[in-house]
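S.K.: Can you make the complete structure from the sequences, with help from the hints?
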Amino acid sequence: MQGILPALPAADFESLAPVDAVIVDLPVVSNATPAALRQLRAATKALVVIVVYGFASRHVLARLDAANVIALAAPTDPAQLARICQLGLAIDATPPTAFSQLLMHTAAPRRYTDGFLHQLSQLPSKVECGCPNHLADLLTKLNAFERYSLECESTNIKDTAMHTLMYSASGHCREFLEEVLRRLMVHEGLAEPAADAPGD
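1363 is the number of the first residue of the sequence shown in our numbering; add one for each residue after it.
Careful, some of the hints might be misleading.
Computed cross-link-like contacts, DMTMM-like style, restricted to lysine to aspartate or glutamate with a CA-CA straight-line distance of at most 20 Å [stated by the list, open to error]:
#1 Lys1503 - Glu1513
#2 Lys1503 - Glu1540
#3 Lys1407 - Asp1427
#4 Lys1503 - Asp1476
#5 Lys1407 - Asp1382
#6 Lys1407 - Asp1387
#7 Lys1503 - Glu1541
#8 Lys1503 - Glu1537
Quick list of the computed label-pair ranges, beta carbon to beta carbon [said to hold, decoys possible]:
#9 Gly1551 - Ala1460: 32 to 42 Å
#10 Glu1554 - His1496: 12 to 22 Å
#11 Cys1535 - Thr1438: 16 to 26 Å
#12 Gly1492 - Asp1439: 34 to 44 Å
#13 Arg1545 - Ala1404: 40 to 50 Å
#14 Gln1481 - Ala1424: 42 to 52 Å
Honestly, the hints are just simulated from the structure, not real lab data. By construction, the Cβ of each residue, glycine as well, lies at the ideal position given by its N, Cα and C atoms.
M.R.: Here it is in structure tokens:
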């Protein structure tokens, strides 16, 4: 069904069959959009509602977030949209938590390469407990699991949603630990690595 929100009559929503996810493409998100999307969600029983928008005010975006509607600025990557839908289906249809909201967003790209982490794991540490070395080892293993989850996601159709969840969660864990490592390197006076391709 195609139409323009929120001008599309709410009565038309009642003719829609239940679906798992709804993706709405809007050039402009208006003040009336959140109410229209609530009606659309109720009519379709969708677990995931995504709005891809061109322009929107912060106030309206905050209202969409409060309504558990995922708003993404255009243009978007179809693979990212598919991953978000899969994540939404893997997470319980309960009121959103900070954890579930975090998983709906893509983790930042890797900061450190495998080669740099290996070098760091071998360096003498100013910290007696050797935390920089342990953290580098942990990140190396986490990076491997993140890649493994992505490969499983691509080949195991039955468990795609769960593997997507694991891929997103491991990516965010990696992002947090990379920030901890960055601060630890500053503390120890270690230089950031030169920019190169993660995984080298």
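S.K.: Within a Cα-Cα threshold of 20 Å, do Lys1503 and Glu1540 meet the stated pairing?
M.R.: holds, 13 Å
S.K.: For the pair Cys1535 and Thr1438, does the Cβ-Cβ distance stay inside 16 to 26 Å?
M.R.: The hint (16 to 26 Å, Cβ to Cβ) holds, given that Cys1535 and Thr1438 are roughly 24 Å apart.
S.K.: Starting from the range 34 to 44 Å, see whether the pair Gly1492 and Asp1439 falls in it by beta-carbon distance.
M.R.: holds, 40 Å
S.K.: Holds or violated: are the alpha carbons of Lys1503 and Asp1476 at most 20 Å from each other?
M.R.: Cα-Cα ~10 Å, so holds.
S.K.: Would you check the hint for Lys1407 and Asp1382, treating anything up to 20 Å between C-alpha atoms as holding?
M.R.: holds, 7 Å
S.K.: Taking 20 Å as the top limit, are the C-alpha atoms of Lys1503 and Glu1541 close enough?
M.R.: At roughly 16 Å apart (the allowed maximum being 20 Å), Glu1541 and Lys1503 satisfy the hint.
S.K.: Given the hinted pair Lys1407 and Asp1427, is their Cα-Cα distance within 20 Å?
M.R.: Distance ~18 Å between Lys1407 and Asp1427 Cα, so the pair holds.
S.K.: Would the pair Lys1503 and Glu1537 pass a check requiring their Cα atoms to be no farther apart than 20 Å?
M.R.: Roughly 13 Å separates the two Cα atoms, so the pair holds.
S.K.: Quick one: are Gly1551 and Ala1460 within 32 to 42 Å, going by C-beta?
M.R.: At 34 Å between Cβs, range holds.
S.K.: Measuring from beta carbon to beta carbon, are Glu1554 and His1496 in 12 to 22 Å?
M.R.: Given about 19 Å between the Cβ atoms, the range holds.
S.K.: If you draw a straight line from the CA of Lys1503 to the CA of Glu1513, is it 20 Å or shorter?
M.R.: holds, 15 Å
S.K.: Does the hinted range 42 to 52 Å hold for Gln1481 and Ala1424 at CB?
M.R.: holds, 44 Å
Violation of the numbered hints given earlier is absent; every hint is satisfied by the structure.
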